[in-house]
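Using numbering that gives the first Met the number 0, the first residue of the sequence shown is number 0, and each one after it goes up by one.
Derived by calculation from the structure, the hints in this document are not laboratory data. We treat Cβ as the ideally placed atom computed from N, Cα and C, and that holds for glycine. Where hints are given, some of them may not hold.
[To be verified] Pair by pair, the computed Cβ-Cβ distance ranges are:
#1 49 / 110: 12 to 20 Å
#2 13 / 72: 23 to 31 Å
#3 134 / 85: 34 to 42 Å
#4 15 / 74: 49 to 57 Å
#5 81 / 61: 40 to 48 Å
#6 35 / 79: 22 to 30 Å
#7 83 / 13: 39 to 47 Å
#8 134 / 54: 40 to 48 Å
#9 60 / 112: 37 to 45 Å
[As the list claims (entries may be wrong)] Here are the computed lysine-lysine pairs in the DSSO-like style, where the Cα-Cα straight-line distance is at most 27 Å:
#10 58 / 72
#11 109 / 72
#12 72 / 111
#13 72 / 108
#14 72 / 113
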Amino acid sequence: MKALPLTQINILVFAVAVISISTTQYGGVSTFGAGFMPTILGTILFFFTLADGLIQYRKNCLAGETLSSTELKSIALVVVAIATFTLFLDRLGFVVCASALIFGLTTLKKPKGKLFNGVFAIVVSSAIYYLFGKVLLVALPAGILG
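Given the sequences, and given the hints that come with them, work out the whole structure.
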């Protein structure tokens with residue numbers, strides 16, 4: 000990984016979520032109950048991950064490794080794509096949104112062959128919808144197709 004410790008940042012977000020949910024929903028460490036151990040474990044995870052991230056950051060900065068602008072743009076593009084997917088999922092449906100997401104990401108990786116990428120995206124998203132929606136009975140939004 001480059002100078003920005005992305006794995007540690009993701010774990011820190013998870014630790015903060017565990018701490019905040021266990022504190023607000025289950026009372027935290029004020030009472031011995033359902034929120035006691037998750038709050039303690041989340042706090043320990045937070046501090047150890049913070050220390051690991053700082054060590055990783057210092058080590059990579061001393062080595063001169065930094066994220067390029069292309070890598071930062073790629074990270075931002077994936078975040079925007081996933082946010083757009085979740086924003087339009089209920090309105091457009093799983094198959095349409097998953098097809099658009101898969102098409103966009105495969106086109107970034109393989110810009111030639113857009114017809115193949117489109118067919119691939121539709122087939123894969125339809126197969127996922129069938130498997131999870133019809134076989135495993137997971138409620139996926141049908142959107143404009145349903």
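Checked hints:
| no. | hint | result |
| --- | --- | --- |
| 1 | 49 / 110: 12 to 20 Å | 40 Å, violated |
| 2 | 13 / 72: 23 to 31 Å | 25 Å, holds |
| 3 | 134 / 85: 34 to 42 Å | 24 Å, violated |
| 4 | 15 / 74: 49 to 57 Å | 20 Å, violated |
| 5 | 81 / 61: 40 to 48 Å | 33 Å, violated |
| 6 | 35 / 79: 22 to 30 Å | 38 Å, violated |
| 7 | 83 / 13: 39 to 47 Å | 23 Å, violated |
| 8 | 134 / 54: 40 to 48 Å | 46 Å, holds |
| 9 | 60 / 112: 37 to 45 Å | 40 Å, holds |
| 10 | 58 / 72 | 24 Å, holds |
| 11 | 109 / 72 | 17 Å, holds |
| 12 | 72 / 111 | 21 Å, holds |
| 13 | 72 / 108 | 14 Å, holds |
| 14 | 72 / 113 | 22 Å, holds |
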